[in-house]
Amino acid sequence: MRQILTVANKEFHDGLRNRWLISITLIFALLSIGLTYFGAAASGAVGVASLSTTVASLASLAVFLIPLIALLLSYDSFVGEQESGTLLLLLTYPISKSQLLLGKFIGQGSIIALATVLGFGSSAVLLYFQLGDIEVLTSFSIFIFSAILLGLSFTAISYLISLSVSEKSKAAGFALITWFLFALAFDLALLALLVGVEDGISQNGLTQLMMLNPADIFRLVNLSGLDSSDVNGALAVAINASLSQAQLFTALIAWVALPLTIAIFIFKRKTL
Amino acid sequence: MNTPLVSLIDAGKSYQDLDALKSVTMYLNQGEVMGLFGHNGAGKTTMMKLILGVISPSRGKVEVMGMAPDSKAAWHSRTKVGYLPENVSFYEQLTGLEVLSYFAKLKGFTKGRAKKQAIDLLEQVGITHAMKRPVKTYSKGMRQRLGLAQAFIGEPKLLLLDEPTVGLDPMATRDFYQTVDQLKSNGSSIILCSHVLPGVEQHIDRAMILSTGQLLAMGTLAELRQQAALPVAIKPSGLNGSLANDSRLNGFLTANCPETLLVPEQEKLSVLRQLLSHEGLDDLHVEAANLEQVYQHFLSLHEKQHELSLHGKQDESGERKS
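Read top to bottom, the protein sequences are chains A and B.
Using our numbering, the final residue of the first sequence is 272, and nothing's skipped along the way.
Using our numbering, the final residue of the second sequence is 1322, and nothing's skipped along the way.
For the record, the hints were derived by calculation from the structure and aren't laboratory data.
Mixed in with the good hints there might be a few duds.
[Unchecked claim] Below, in silico cross-link-like pairs of lysine-lysine (DSS-like), each with a Cα-Cα straight-line distance of 30 Å or less:
#1 B/K1116 <-> A/K270
#2 A/K268 <-> A/K168
#3 B/K1080 <-> A/K97
What you are looking at is a predicted structure, and each value in this text was computed from that prediction instead of being measured.
Whole structure, please, built from the sequences with the hints as guidance.
This is the structure in structure tokens:
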């Protein structure tokens, strides 16, 4: 346990030193405050928009940003240390591969989690003071918690990439492809399936397919509670057959635990 | 004391179709310094990785401090092993002190003691002045010293150093060998892995020569010299060419160095006596074969054998065809 914390501490401080924490927090804060204030601009008014509009636009923003940031933050975690030779050195130390991996995960995960809480929390506080509605806090805590899980999920996925390749540049390429697949291509494919194939897929089947993408689970978690007027595309269909919040969170947690377990498995079998 | 600290018994490692290390048997006793020599790809690093327990042997047995180094049981003894990898660049954005404290903590030091240990070691390798600067500002020599400091964490019982003097200036190299001698007298065993370097001879007890995964020779320097049967070079001066006329000595002269006698070890004394009887002699220089020559000898011998065996095979197949 001590070894895990030592590694986590080091990774967390790396994140502070590289200005990762501060820049992610700023990006989240600026975008979310901006959306909170100007989200209603499309309807001709400047000022705080309704809660559901804000959360809907925040969620559609976060679903692109968070996976990208998580992948950028961690794609070189292992392949980078392998290239510089410190990975081999660390493995001669009294630390097991799973301890090293979990330590990195806790350290980098904390950076993402903290940035999410601070960045999106700021607009939650702002909105709470403007609207004075306690519902703001509940919707935002669901939003922030699921955003953290989404970030952790893509951190674990980027470890999979980092452990499977032997060059940093390859890892970067695969990270980009992964992001493209999960954040963009998957939804387009679903939409094509819905529109192109008549009676091809039921609402239930669609929702189940969406469980294959953590980004879509995140969207379902945050949009299912809202008016479907703010939501469009494949999601609107899926929401009607929605699963319970608890089921969705379980699926999201599985998307953290599963890639992490596979990453440990790959690391254990990796020879240096 | 009687059980060796490290033992390899017919240990080897293969990757798919490549034999990185064929069967090697060796022992390393406590307080012994072993030099491990070979060119690139000779299997030096593979052997070190086997001893470190980072990889498992494909055949044979490896034991370090009485345990298989890749087993869970050997976990604890890892705090007593120091390793300097051949190519390592530490976390560029951290300072030297932070890098060393991190590694000390991973070796089981508590936070405060890790820092103290780090400061002591940085002083020992002579980069105290730069310990608060990020590693990315370090020169090659300073990086190497940081790597050495890292290997010295926790007074290791067993040290494996891969090319430890690369990038070090002569002063730092001298300091390094002093540290080696000191660790040795404290009972640490050290494996020094290197291309043959001048100056390494007087600090090692035994040498191993590896080539293409095969152990070519192992023993003390004297033993290796004897095995190699390399001649001693004797350079007399003041004789003004009278050597060529001495029937007992001119046989040892070679064409390309007319003033130097190359004499087999066992005839050294009789040749010296003969030389001393020459009246003009005003100085003598006797030089035994150095490690580099011994190394070259074993390597070229190995190559010749290799070629011979290849030719043998070709001849056989040629005969079969005819």
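So, going through the hints one by one against the coordinates:
no. : hint               : verdict
1   : B/K1116 <-> A/K270 : 35 Å, violated
2   : A/K268 <-> A/K168  : 20 Å, holds
3   : B/K1080 <-> A/K97  : 19 Å, holds
Comparing the model with each numbered hint stated earlier shows that hint 1 is the single one that does not hold.
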